Amino acid sequence: MRPILMKGHERPLTFLKYNREGDLLFSCAKDHNPTVWFADNGERLGTYRGHNGAVWCCDVSRDSMLLITASADQSVKLWNVQTGAQLFTFNFNSPARSVDFSVGDKLAVITTDPFMGVTSAINVKSIAEDPSQQSGESVLTITGPTGRINRAVWGSLNKTIISAGEDSVVRIWDSETGKLLKESDPEVGHKKPITSLTKSADGSHFLTGSLDKSAKLWDTRTLTLIKTYATERPVNAVTMSPLLDHVVLGGGQDASSVTTTDHRAGKFEAKFYDKVLQEEIGGVKGHFGPINALAFNPDGKSFSSGGEDGYVRLHHFDPDYFNIKI
Amino acid sequence: MSVDISAKPSKLRWGELDEDDGEDLDFLLPPKQVIGPDDNGIKKVIEYKFNDDGNKIKITTTTRVRKLAKARLSKRAVERRNWPKFGDAVHEDVGSRLTMVSTEEILLERPRAPGTKADEAKMAGDNLAQLGKGGAVLMVCRTCGKKGDHWTSRCPYKDLAQPPETFIDKPAATETAMAASGATKGAYVPPSMRAGAERTTGSDMRRRNEENSVRVTNLSEDTREPDLLELFRTFGHVSRVYVAIDQKTGVSRGFGFVNFVSKEDAERAINKLNGYGYDNLILRVEWATPRSN
Chain A
1 MRPILMKGHE
11 RPLTFLKYNR
21 EGDLLFSCAK
31 DHNPTVWFAD
41 NGERLGTYRG
51 HNGAVWCCDV
61 SRDSMLLITA
71 SADQSVKLWN
81 VQTGAQLFTF
91 NFNSPARSVD
101 FSVGDKLAVI
111 TTDPFMGVTS
121 AINVKSIAED
131 PSQQSGESVL
141 TITGPTGRIN
151 RAVWGSLNKT
161 IISAGEDSVV
171 RIWDSETGKL
181 LKESDPEVGH
191 KKPITSLTKS
201 ADGSHFLTGS
211 LDKSAKLWDT
221 RTLTLIKTYA
231 TERPVNAVTM
241 SPLLDHVVLG
251 GGQDASSVTT
261 TDHRAGKFEA
271 KFYDKVLQEE
281 IGGVKGHFGP
291 INALAFNPDG
301 KSFSSGGEDG
311 YVRLHHFDPD
321 YFNIKI
Chain B
1 MSVDISAKPS
11 KLRWGELDED
21 DGEDLDFLLP
31 PKQVIGPDDN
41 GIKKVIEYKF
51 NDDGNKIKIT
61 TTTRVRKLAK
71 ARLSKRAVER
81 RNWPKFGDAV
91 HEDVGSRLTM
101 VSTEEILLER
111 PRAPGTKADE
121 AKMAGDNLAQ
131 LGKGGAVLMV
141 CRTCGKKGDH
151 WTSRCPYKDL
161 AQPPETFIDK
171 PAATETAMAA
181 SGATKGAYVP
191 PSMRAGAERT
201 TGSDMRRRNE
211 ENSVRVTNLS
221 EDTREPDLLE
231 LFRTFGHVSR
241 VYVAIDQKTG
251 VSRGFGFVNF
261 VSKEDAERAI
271 NKLNGYGYDN
281 LILRVEWATP
291 RSN
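Quick note, the sequences are listed as chains A and B, same order. 1 is the number of the first residue of the first sequence in UniProt numbering; add one for each residue after it. 1 is the number of the first residue of the second sequence in UniProt numbering; add one for each residue after it.
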């Protein structure tokens, strides 16, 4: 395949997200402008100007009309996807790390970093249908985990919130009361900070990637470990194919040591694993920095990766990808 | 793209042109034409311009509009396709080339050749099993060319054949293999009776010869096979060393191959020796990619 290279960002990529139909691709980077691209040919549709710091995460509503972005400028903003107009700003007193819309887009979970004496927190905000009626009040605030909470997503039926972060523990919280329901077993869990978390298409299981050079597949309901995928580099980004039983891990050596070592040693590949057999299927090379973000098109026929090198690479699979045998 | 220079200066005179040089003469040009895209997706854009010499040139740009996939787009997605650009994308100049198609063909690189199984890789770790198996393949008599019957040193036709010019490493490799065969000699099982022997042995043999093969490039011209063996021996049993020599000049071509008995050893050698300074050159050591036939 010949990937499409998109060079819209001037700084390392942090997050990638497709909308539900898979025709738009949203990219966040450490420069201040989240960008939306057409996912078929990589043409830039627009940028969302207004943030004043690195943008760490984003999510798009089911109808592809509302975009929410979390930024290190201590704010979370709501945008009109079509026009790029800013609709609302939630202000926090520490950098916002991740956002996720609930099923139905009525709620959003936002995590904030520990900063200047403020501890990290998971905030639930209600999202008004009419942006002019939007309030900045939190419905629920959960504190407890130490260190950054790198990702928090909604569990099934919005009843739970799954969080993972620097303390390398996956936690499931009650989204109504904020009570801690389950914690991952430290015996089998990650040994180093968890960098990423993705739910499967049906939400029945999710995948976490960690700096301990592994990715783990968990059951959403019981938080039991299902599979472990071992690799030889820290994992920065994970994603799962909605079509095939494939798991993709992205990572690479620490960004600070990239320039001091041979590029071949970096292993900046997106590694494909068989979800069930835990065996490596192959690697897709191309980035010349660690991969920070990965996203699978909801149709499962293409995926994109964003790297520390500032490029988004959009890969449309060759037909033979779909009958790979191990 | 093709550029036709129509030499006829039309109504315009050369002299006139020089006078009002720099002035906008675009009104003299025929309008831009866009033809297509037709059924084959061929789109033609015809533009007229003045070049530096004042000649009128016709620029025909032929592009092929191709759909990337037979995408069944939803109505909303089709609608979104026509959304106007916003933000920084509005003032994007055509030359900025934010989106490019990679000039490089990127493949999903398989860690193993398709069809090979992981347990074979594990088998390579099991030294004895590997050697027992490998013995069947390694046992090729270089004197008479008979496979799997006897070692070169025990060849019954040894005295008849001219002793070939062998390198030092080759007997060493044979010895290694000999020792291995010695270890398993007590319970020799013919290859055809061994576990996993139902595979077609012919193709299996060929592949095994290429297994655990390490390519060494950027060798100095003075490096010979014994030198390479010396270098790689420290990592484990080496079954073959080969340095490519130019047939005409007899000078080393700067690359060679080393086969290891076990995969782990090969891996360690790659990790240690890739980027290793050898004879004031920096070695590049990597897995040899199997020949595509």
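Worth double-checking, as some hints may not be accurate.
Simulated crosslink set (DSS-like; lysine-lysine; CA at most 25 Å straight-line) [said to hold, decoys possible]:
{"hint": "1", "chain 1": "A", "residue 1": "106", "chain 2": "A", "residue 2": "227"}
{"hint": "2", "chain 1": "A", "residue 1": "267", "chain 2": "B", "residue 2": "263"}
{"hint": "3", "chain 1": "B", "residue 1": "75", "chain 2": "A", "residue 2": "301"}
{"hint": "4", "chain 1": "B", "residue 1": "75", "chain 2": "A", "residue 2": "213"}
No lab work stands behind these hints: they were computed from the structure. These figures come from a predicted structure and were not determined experimentally.
Taking the hints in turn, this is what the structure says about them:
Proximity of residue 106/A to residue 227/A is assessed by CA-CA distance (about 33 Å); at most 25 Å being required, the pair is judged violated. For the hint pairing residue 267/A with residue 263/B, the CA-to-CA distance comes to about 20 Å; that is within 25 Å, so the pair holds. Proximity of residue 75/B to residue 301/A is assessed by CA-CA distance (about 20 Å); at most 25 Å being required, the pair is judged to hold. A distance of roughly 42 Å separates the Cα atoms of residue 75/B and residue 213/A; the hinted pair therefore is violated under the 25 Å criterion.
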